[in-house]
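Using the sequences and the hints, build the whole thing.
Listed below, chain by chain, are the residues.
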Amino acid sequence: MQCQWTIKISQMIDGELSPEEVIKVRAHLASCIICHIAHKDFLDLGENLKTYQQDINPVLQQQALNKILATHAYLWQKNILLPAPTLAVILCVVFLLGVFISMLNGSFADPTKQNNQVSNNNKPFIEKDLSFYDRGGRTTILVVKKSSLKLGEKAK
Amino acid sequence: MRLKSKYKLFLCTFLFLLINSNKHSFSFSQNNLPTTVKRIQFKVSTIEETSQNRHLLAESIIEGPVGTDFEINLKDKKFNMDAYFLTDLESDEQLTMQAKLNTKRYYGQSEKNLPLYEQDEQKHNLTVNLDEAILLLPFGNSTNDEKLKIEIIPSFITRNIVDGKELPLTIDIVKPDLNGKINVRAYKIPHRFNLVAKLLADGKEIAKGVTECFFKQPKEIQLDFYSTVSQESSIYPLVLSLDVSKFERSCPTNSFELGFDIFRLNQTKNQKEPIIENGAGAGNFGEELNYDLTNLYLPTSNKKYELKISLTVANNE
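Read top to bottom, the protein sequences are chains A and B. Numbering of the first sequence is given in the numbering used here, commencing with residue 1458 and proceeding in unit increments. Numbering of the second sequence is given in the numbering used here, commencing with residue 2 and proceeding in unit increments.
None of these hints come from the bench; they were simulated from the model. All C-beta atoms in this analysis are idealised placements derived from N, C-alpha and C, irrespective of residue type, glycine included. It is possible that some hints are incorrect.
Heads up, simulated EDC-like pairs for lysine to aspartate or glutamate below, C-alpha to C-alpha not over 16 Å straight-line [to be verified]:
#1 78(B) - 1586(A)
#2 189(B) - 89(B)
#3 182(B) - 1591(A)
#4 1603(A) - 94(B)
#5 209(B) - 225(B)
#6 39(B) - 122(B)
#7 105(B) - 1591(A)
Covered stretches of chain A (in silico footprint by chain B; criterion: 3 or more residues with CB under 8 Å from a CB of chain B, positions within the stretch not fixed) [what the hints assert, rightly or not]:
#8 1479-1489
#9 1585-1591
Shown next as C-alpha cells:
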C-alpha cells in the first residue's frame, strides 16, 4: 500500500516544503492512515540515526572510509593507523630489546667463544696450501747463529 | 785353650760377616748411584714469518742419545719435502750433520692431462757448533712477505740414569701441527761399521782390506796382497768404493744394504779399471757376501777369483 503523499511527508520532515505545502500535507496526514504510519516511521528512523551517529568511533569511521576509498590498494600502499601512545610503547620495547641483545653479545659472551676467536688466528696456516708460500724457490738449508733466530720473542 | 779357639772362631766369623756385608752394601750403593749420560736435543720449530709478525705453527722437541737421526716431512697436495738428518758428534762442542733434502713440487699438467712434477735432491754436510742452529727454508730464501721456516736448534743435556737403564728416545710435541702437514720422526741406528773385504784365488785368501765406514758416506778401500801372492795378481790390486746405504733391524741379526763399485788398479798405467759398477748387496751383519770375479778380475789367469765382504757394527755404537 502506497500513497502519493509519502514523499511529501519525507520532504516535510527534512524542511524542504513551503509553509503552504506543509499545511496541505498536515491536512492529508490527519485523514491518511498510510501517510500517518510513514510519518511515524520517518521520525523513528531519524531518532535512531541520531543515536547511532553518537556511538560511531572516529577511528572506525576513518577505517571504514579508508576501506571504501582504497578498494584496490596494495599491501605496501596501505596505511597503518596506530594511536600515538601505542606507537611510542612499541618503539620503546624495540629499543630496549636491541640494547639487551647487544649486551648479551658483548659483556656476557661465552669465554670459550673468545678463545675460539683467538685460536682462529691459526687459521691462515690451516687453510693455506703449502704452495701459498711457494714462489718456485729451491729448498735451502743454512747454518745460522742461534741468537739470530730470536725464537720465542714473537712466537708466543 | 778351648776358650781361645772359640774366641778365634767367633772373631773369624764376625770378620767374615762384616766383610761380606760391606761388600754387599758397597755394591748395592754403587748400583743405585745415579750416573749421568750426555744426550742431544733438537728443537724443531715451524714458523710463518712476515715482515711484521712471527707465528709459531708447530713445535717438537726430539731427545735421544748422541747420534740420534731425524726426519722432517712436509706434505701437501702440491708440495712434498722429506728432509733427512744424520747427526754425529764431532767434538764436545760440535756436531756433524748429513742433510738430505728431497722435494717434489706439482708443476702442472702435460698435454695428455698427466701431472708434471719438479723434483729435487740435495745433500749437504754441515758442521754445527753449539751456538748455532739449522735454518731450513722449504721454499727457498725468497723475499716473500710470508715465509715458511723450519728452525732446528741442537743442544746437549745431561740426564741421570739409574741401574744402568738406557733412556728412551723421545719426541715431545709442544705444539702440534693442526693439519698434519708437518711430521717429525727420529730414530737411533748405528753409524759406524767395520768392513772386511777379502779376495780369494782358487779358495785361498790372497788379499785383504779392513776399514771403518760411516753410514751413507762413500768409502774407498784398497785390498793389500799377502807377500806370497804371485807377481801377476799383485800388479792389479783390487779397489772397492762402497757405502752402507741402509740399516734395518731384524731378527736374529740386523741387516744392511750396500752399494759399491769394484775396480782393479792397473799399476803400470796407474789407472783404475772398472770391474763392477753400481753393484749392490744386502745381507746380515757378520755374514759374508760373495761375488764371483773369475771372468772379471783377471780372465786370462785361469783361476777362480772370489770377493767376500763382511760388515759388523763398530764396538762404540
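Query raised in the report: Which of the numbered hints above does this structure break?
Result: Hint check: 6 and 8 fail, others pass.
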